[in-house]
Structure formats: C-alpha cells, structure tokens
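Protein sequences appear in the order of chains W and P. First residue of the first sequence: 1, per our numbering; consecutive thereafter. First residue of the second sequence: 1, per our numbering; consecutive thereafter.
Hints listed in this document are in silico derivations from the structure and should not be mistaken for laboratory results. Using N, Cα and C, we set each Cβ at its ideal position, and we do this for glycine too. Worth double-checking, as some hints may not be accurate.
Facing chain W, from chain P, some residues (calculated, C-beta under 10 angstroms) [to be verified]:
#	residue
1	19
2	303
3	305
4	307
5	310
6	314
7	317
These stretches of chain P come out as covered by chain W in the derived footprint (C-beta under 8 angstroms, 3 or more residues) [unchecked claim]:
#	region
8	294 to 302
9	396 to 402
So the chains spell out like this:
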Amino acid sequence: MIIEVKNLIKTYGGSIPTYALKGVSFGIKAGEFVAIMGRSGCGKSTLLHQLGILDNPTSGDILIEGVNIVSFTGADKTNFRLKKLGYVFQEYALLPELTALESVYLPLMMSGIAKKEYINRAKDVLTEVGLENRFNHLPREMSGGEQQRVAIARALVNKPTILFADEPCANLDSESSETVLKLFQKLNKDLKQTIIMVTHEPEDRKYVDRVIWMKDGMIGAE
Amino acid sequence: MIRDIEIAYFLAFRSIRRGNKGTLAMTILIMILAFINLVFVASIFLGIVHAINVQSINNIFGNIVIEPEKDKTYLEQVSQIENIVKDVPGVVGLSAHYVGNSIISYDANNDGEDVKSGSWVVKSVNIEDEIKTTEIFKSIIDGEYLASLDRDKIVLGKDISGTHGSAFKNSSLEGVEVGDDVTVKFNNGLIRKYQVKGIFSTKSNQVDQMAFLTEKEMESVLGVSNRASEVIVKISETGREQEYIAEFRKAGLLKEDIKSWEELMGLTASVSKSFSMISIILGIIGTIVAGVTIFIVIFVSVVNKKRQIGILKAIGMKESTIVFSFVLQALFYAVAGIGLGLLIMLYIVTPFFISHPLDFPVGWVSLDITRTNLIISTVSLIVASLVGGLIPAWRGASESILEAIWG
C-alpha cells in the first residue's frame with residue numbers, strides 16, 4: 001500500500017465537536033487512480049486535506065510509503081509536500097504574474113535543481129499535458145481548461161508519489177473536463193502515477209480504477 | 001538559503017513587473033512623497049538654523065570674537081593683536097570695533113517737540129577691514145554705507161530708523177530717512193549730531209537695531225586710539241574655530257577672552273536647538289507615517305494574495321521564502337521611492353528654493369540638504385519598509401493553508 005489510513009478522525013468546533021471524519025480507515029495501492037465521491041458535506045474534501053497534509057487530523061494515522069505523516073513538524077510537512085505530493089485545486093490556483101512555464105518550474109526551483117534542467121523538465125511536462133504552445137502565456141491569456149492543465153503540470157513536475165486533485169473539473173465546461181480527466185487517466189496509465197481525486201460528478205467514475213464512497217464522515221461501500 | 005533568496009527574488013520581481021501598473025505607480029508615488037516629506041522637513045529646519053548661523057557669522061560675530069580680559073574695557077595695542085591674528089593662515093578678515101550703548105534721538109520737526117529717542121548699540125568700523133569681515137555693507141537698502149573719511153555720518157539699522165518695514169516701529173525713531181539728522185549721546189556724556197548716510201536691513205533683528213560710525217569718529221568721541229572693544233575674525237573654514245583659537249593662543253594672545261560665534265549666540269543658540277529638535281520630532285513622525293503607509297500597502301497586497309500564499313505553501317514553499325518575497329517587494333518600493341524622491345529633491349525642489357528662497361524673519365531660508373540628513377531619511381524609510389513589509393507578510397504566511405486558500 002502506498003497509503004494506509006487508520007481510524008482517522010477529524011472534528012471541528014469547541015466543547016460540542018462536529019465530526020467531519022468518524023474513524024476512516026482504508027488503503028490505496030501504488031499506481032491506483034482513485035476517486036473519493038459522495039454528497040456535498042460528506043467529508044470527502046476533508047479527507048483529501050488530511051491525506052495531503054493540508055490540515056491536521058484530530059486523531060488516527062496516515063502512512064504514506066510507510067511513514068506516518070501525522071507526526072510531522074512544520075518543516076517536515078513543507079519538505080514532504082514539495083518532494084512527495086502534488087496538488088490540483090478546484091480553481092486553477094495559478095499565480096497571475098507567472099507564465100505557464102514559470103508556474104511549472106517553480107516547484108523544481110524549490111527542489112534546488114539547476115536552472116537549465118528545471119526549464120527543460122518544465123517544458124517536457126507542459127508538452128506532455130498538451131501545452132507546448134503556451135509556455136510564455138500568463139493565466140489570463142489561457143482558457144480555464146488550459147489553466148487547469150498548467151496546474152496539473154505543476155503538480156506533476158516534481159514526480160510526486162501521489163497526485164491529489166480536489167474537484168479539478170468543478171469550474172470547467174464539459175469539453176475541458178473531459179480533456180483533464182483523460183489526461184489524468186493517461187498519466188495514471190503511462191506513468192503509473194497514483195492519483196486521488198475528489199469529485200461529485202457520477203460520470204467521472206468511468207475514468208478511475210476505484211471509487212471510495214463517503215457518507216456522513218465514514219467510508220461507504222467501495 | 002541562496003536558492004530561497006533566488007526564489008523570493010523571482011516571485012517579487014515577477015509580481016512587480018507583471019502586477020497592476022497603476023497600483024505599482026501609486027505605491028511608488030506614496031514612497032516618493034514620504035521620502036520628500038522626510039528630507040524636506042529636515043532640510044527646511046536645517047535651512048533656518050543655517051540662516052541664523054550665517055547671519056550671526058556674517059553680520060555680528062564673524063567666526064571668532066576677541067574681547068578684553070575680565071575687568072578691562074578695551075583691548076590695548078590692538079594693532080599688535082591684529083598683526084598676530086592676520087599671520088595665522090586661514091584668517092580671511094578681521095575688524096576691530098568700539099562698542100557702546102548710546103542714546104539716539106530724532107527731532108523730526110527740529111522744534112524740540114515730539115523728539116523720539118532710544119538706547120541702541122553703536123559700533124565703530126574701519127571700513128577697509130569691515131568689508132572683508134562682515135556683510136552689513138551689502139545690506140544697505142537706502143542711501144550708502146560709510147566711507148573711510150566720514151566723520152559726521154551714521155548708518156542705522158531699519159529697526160532704529162523705523163522705516164522700510166521695521167518690525168519694531170513703536171520702539172524706533174519712527175521715520176528717520178537718509179539725509180535726516182540724529183543726535184547721539186554717548187556713555188561718556190558727549191553729544192554729537194550725525195547725518196544719516198544709509199539705512200540697512202539684514203533680516204536679523206539683533207543687527208538691525210545697531211548703528212555704525214567710522215573708527216576715527218568713535219576714537220575722537222571716546223578720546224582713545226589703538227584700542228578696541230572687540231576684534232571679530234573671519235576664517236576660511238567655519239567649524240574649525242577652536243583650532244584657530246588654539247593657534248591665536250599659541251601666537252601669544254593669552255589673556256584675551258576669545259570665543260567662537262557659537263559660544264556667543266545665546267538666545268539664538270536656543271532657537272537653533274529648538275528648530276533642530278522640531279526637525280527631529282517631525283522626522284520621527286514622518287518615518288512612522290511612511291512605515292504605516294508601507295504597512296497598509298503591503299497588508300492590502302497580502303490580503304489580495306492570501307489565496308496565492310496558501311497555494312505556494314501547499315506546493316511546498318517555505319513560509320520564510322514567501323515572507324522574504326514580500327519584504328523584497330517592500331524594499332523595491334522604498335528604494336524606487338527614495339531614488340526618485342532624491343532626484344526630485346536634488347534637481348527640482350532644491351534648485352527651486354535656491355532661486356526662490358523663503359522669506360523668514362531670520363533671513364532668506366533655502367533648503368539645507370546634508371549628507372547626514374539624506375542618510376538618516378534613507379535608512380529610516382528602508383527600515384520602515386522592512387518592518388512594514390515584514391509584519392503583514394509574516395502574518396499572512398503564518399495562516400493555515402486551508403484558511404489561506406478558502407478563507
């Protein structure tokens with residue numbers, strides 16, 4: 001298992017806590033493309049945030065490649081996020097002042113790679129997601145689908161162990177959504193990239209290997 | 001560490017270059033105004049202090065004043081003293097004065113009625129020496145300055161004549177014009193009549209309440225010669241008075257009371273100090289205002305970029321790198337504002353005030369921009385920028401990722 005989740009609990013609030021995750025346990029194999037699905041408010045995004053170390057669980061364990069990430073300190077988390085994880089957010093989440101190429105090579109810069117290498121690798125990844133003609137375009141000069149593909153390229157460029165996608169097609173038209181999902185499928189098949197995607201669109205099931213259904217903060221039937 | 005700086009610079013540079021140009025221009029404009037405010041306020045007060053000092057040196061004390069030892073009325077053998085002083089390299093002029101309080105009266109209608117009078121300082125001058133030492137001869141606004149052979153002529157300050165916009169008209173002779181006769185009663189009881197040859201205005205109230213006679217005339221009044229109440233000395237380098245005084249002592253002037261102009265300024269010195277204090281206080285306030293302004297600018301920028309900060313953190317960027325990129329932006333605003341503000345001050349504002357000096361009671365005041373003032377203003381603004389940039393950026397970067405991205 002590349003991810004093992006054990007009895008994960010997340011509560012919000014003070015003296016009377018609200019349970020967002022009620023003891024969730026599951027595992028994900030390396031190279032799987034998994035969708036977490038469920039109704040709005042069922043806890044799927046909360047679960048993704050815990051797995052991606054964007055938030056701290058109240059209790060429970062999350063093991064990624066055998067390492068319990070729950071015990072990480074701030075600096076460990078930052079480093080782990082940079083080296084092991086990739087994120088694609090619901091909105092395109094690009095910096096408006098960076099071109100597509102700059103957005104993609106930024107994580108490589110942070111990894112300390114030499115300039116020539118990070119530019120070449122960013123170009124390769126952008127080409128892989130079909131944006132070879134958009135290297136020097138700013139976000140405002142690209143369509144929503146193109147921006148989301150830049151975000152995917154940025155998430156992939158550091159060759160992450162796991163790619164997390166939080167409703168990546170929520171703001172895209174159906175054509176762009178299909179392009180993005182097919183791209184995920186291709187990355188999963190060609191690169192054996194582990195992908196965990198939160199979505200509420202039932203038709204997205206056809207692109208993934210497995211669906212984890214969530215209901216009221218618990219895992220339902222898979 | 002170097003890579004973190006490189007990334008921070010990368011983000012800051014892109015943000016400045018590709019961000020909103022209107023916001024950038026407005027921010028830099030605010031910084032320019034903050035810098036000009038800091039430099040201008042300090043410079044105008046320094047200009048006032050400078051004008052007071054220049055007035056004191058050029059019209060009253062020279063750089064150094066040699067007076068008789070205690071309990072003596074006059075310097076004896078003044079020509080010997082003058083020879084000693086003249087031989088010191090760097091002395092550009094010296095002038096011996098007899099100084100005394102005298103009662104000057106003016107009978108406008110020559111009928112013995114409604115005679116105006118008052119007590120003022122009357123000084124004697126050796127014309128050739130005086131014009132090398134003071135600049136009162138340049139301040140004649142009506143008539144002429146004294147000539148070497150004048151015996152029955154007097155020049156009056158405008159605050160004695162009570163004309164030409166005198167600030168003390170009620171305590172003056174209330175309307176003496178060039179060519180009128182005035183009567184002077186000296187301390188020894190002697191009374192002489194003089195024709196007013198000129199009226200001067202130096203813009204120093206202290207000087208404009210003096211009257212001048214020639215040295216020969218005063219010696220005949222006092223019945224003395226080769227003496228003086230004071231010798232004022234002008235040197236080539238203001239600020240090195242104590243070195244010159246030491247030289248005079250070494251050359252043999254051991255008993256005389258020798259002081260620099262600063263030691264003799266008295267009330268004027270406290271005015272100078274007050275202006276310097278006001279300048280410092282306004283400078284501190286200006287720096288705080290600049291700091292708060294930068295804080296607001298960066299704070300607004302951080303609020304607008306909160307989501308981006310969250311995303312940068314999510315993709316693995318260190319908080320310190322994010323903070324440093326905002327601090328670099330603040331530094332850029334400060335440096336750009338300081339640079340442009342400096343150009344405006346040096347090439348527009350200062351030349352304007354040199355050609356259009358301000359009319360202050362202490363004299364014509366221009367901006368006195370000193371290197372120290374510029375350094376203090378620059379450093380203050382940079383420190384204010386760093387603090388103003390650091391605090392909101394640090395607060396923004398310290399927020400949790402989810403809070404930053406989704407609010």
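Against the structure, the hints:
1. 19: Because about 6 angstroms separates residue 19 (chain P) from the closest Cβ in chain W, which is inside the 10 angstroms limit, the hint holds.
2. 303: 15 angstroms, violated
3. 305: 9 angstroms, holds
4. 307: 8 angstroms, holds
5. 310: 9 angstroms, holds
6. 314: 5 angstroms, holds
7. 317: Since chain W brings a Cβ to about 6 angstroms from residue 317 (chain P), closer than 10 angstroms, the hint holds.
8. 294 to 302: violated (count 0)
9. 396 to 402: With 3 residues closer than 8 angstroms to chain W, the region 396 to 402 of chain P meets the three-residue bar; holds.
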